[in-house]
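J.: Listed here are the chains, written in short residue letters.
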Amino acid sequence: MTVQTEQTKQTEQQHFERTIGHEQRIEPRDWMPDGYRRTLVRQIAQHAHSEIIGMQPEGTWLASAPSLRRKAILVAKVQDEAGHGIYLYSAAETLGVDRQDLTEQLIDRRQKYSSIFNYPTLSYADVGTIGWLVDGAAICNQVPLCRSSYGPYARAMIRVCKEESFHQRQGFELLMTMMTGTDEQRAMVQESVDRWWWPSLMMFGPPDDASPNSAQSMAWGIKRHSNDELRQRFVDMSVPQAEVLGVTLPDPELAWNEERGHYDFGEPDWDELSRVIRGEGACNDERVARRTQAHEDGEWVRAAAAAYAQKQAHPVVEERTA
Amino acid sequence: MSLETAGDVKAEWPPYEVFVRSKRGLNHVHVGSIHAADDEMALRHARDVYTRRNEGVSIWVVPSASITASSPDEKDSFFEPSGDKIYRHPTFYDVAEDVPHM
Ligand SMILES: [Fe+2]
Ligand SMILES: [Fe+2]
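From first to last, the protein sequence lines stand for chains Y and S. With numbering that gives the first Met the number 0 applied, the first sequence corresponds to residues 0 to 321, in that order. With numbering that gives the first Met the number 0 applied, the second sequence corresponds to residues 0 to 101, in that order.
Okay, chain Y solo, but in the shape it has when bound (with noise of 0.2 Å):
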């Protein structure tokens, strides 16, 4: 490298650390440094993948949610979840990778996507319970990356969080509906509660002390705030709810903290997590297998769609060869 090329860089590394340091954004074609721009592809794409997955759970319960509204709001939540993925794709995309190598990346199952997603819907509360706890926590989540460092990234998370408050409120409305309703619902609506409790909480991640790779995506202002403070804020908000609602959440350990100002709880099971993730959850297998078959199964739609196009672009061709 010569001593010129080696300026330029220095350059353009204190460029783009006074960039983040003064709270602007990085647009796409600025220089980044390698690791920036991986951890982003990474975590973009692992977020697209979620949406994308996180279909499969509640569109089972679709064709029979228990009346036409709920059947419409569920349609409506469930398109929204396609469109979630379709911005972060196309986030991701301004990164210089392809939608189509990610398709395939989680298909090969080389990405990874939330392990919430890799629990079963046995119940049309869960409907209900994912709204509330799943949309939920990912709206913990999302809120702090609306002013994510990267600019299409943040931008894709204030359009998602627009549309993630309708997706909470749905949920919380259905279940307060069902506790209105007869004993049977109401027992329907804790049992899924007591299953999606601890798993909700888990989709912060592991601990921060097993969390390598937090302080450097902190530093970056990739992301904002740690796992545990996320998981603080989402517990604070939760217990009200469930109070409201007039469910028990599920943790012998939650008590109001008068020291700490914040609720404390219990240890989520992190070997379960470790689990899921590894691919050992009740349904890895079948979320995978799904999105593959429906690619495969678009596979002649894609190819048709591009002939036509191509056929209508070059009609000479056509005459030559009628």
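Don't read these hints as lab results, they were simulated from the structure. Glycine residues also receive a C-beta, built at the ideal position from the N, C-alpha and C atoms. There could be a bad hint or two in this list.
[Said to hold, decoys possible] Pair ranges (Cβ atoms, derived):
id	chain 1	residue 1	chain 2	residue 2	range
1	Y	A81	S	E96	55 to 61 Å
2	S	V61	Y	D227	42 to 48 Å
3	Y	P239	S	F91	28 to 34 Å
Here the structure of chain Y is known, so what remains is to put chain S with the ligands in place on it, guided by the hints.
T.: Just chain S with the ligands now, kept in the frame of chain Y:
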């Protein structure tokens, strides 16, 4: 490309950039990108992805490859011509306080 190769065309759809006018009287603003096989499909996909809640009254789609952008490397020199022309701004001119409507 000839039609014969259409059989093994890789079914990849090119990216389009999407611009939305959120309401009358405002410019179209870039909102993101989508993939589509052709222009018409790009418009439909853009509508489905970016305007599910009345976010727009008009959409433009442009093949991403057709966009020419200024380079961030030449940021200073490229925009320099406007930097030293302070006389392009109304505040450059001293006009007495009592001149009406100015
Ligand atoms: Fe989402
Ligand atoms: Fe959502």
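J.: Indicate, hint by hint, whether the structure satisfies it.
T.: Checked hints:
no.: 1; hint: Y:A81 <-> S:E96: 55 to 61 Å; in the structure: holds (59 Å)
no.: 2; hint: S:V61 <-> Y:D227: 42 to 48 Å; in the structure: holds (44 Å)
no.: 3; hint: Y:P239 <-> S:F91: 28 to 34 Å; in the structure: violated (58 Å)
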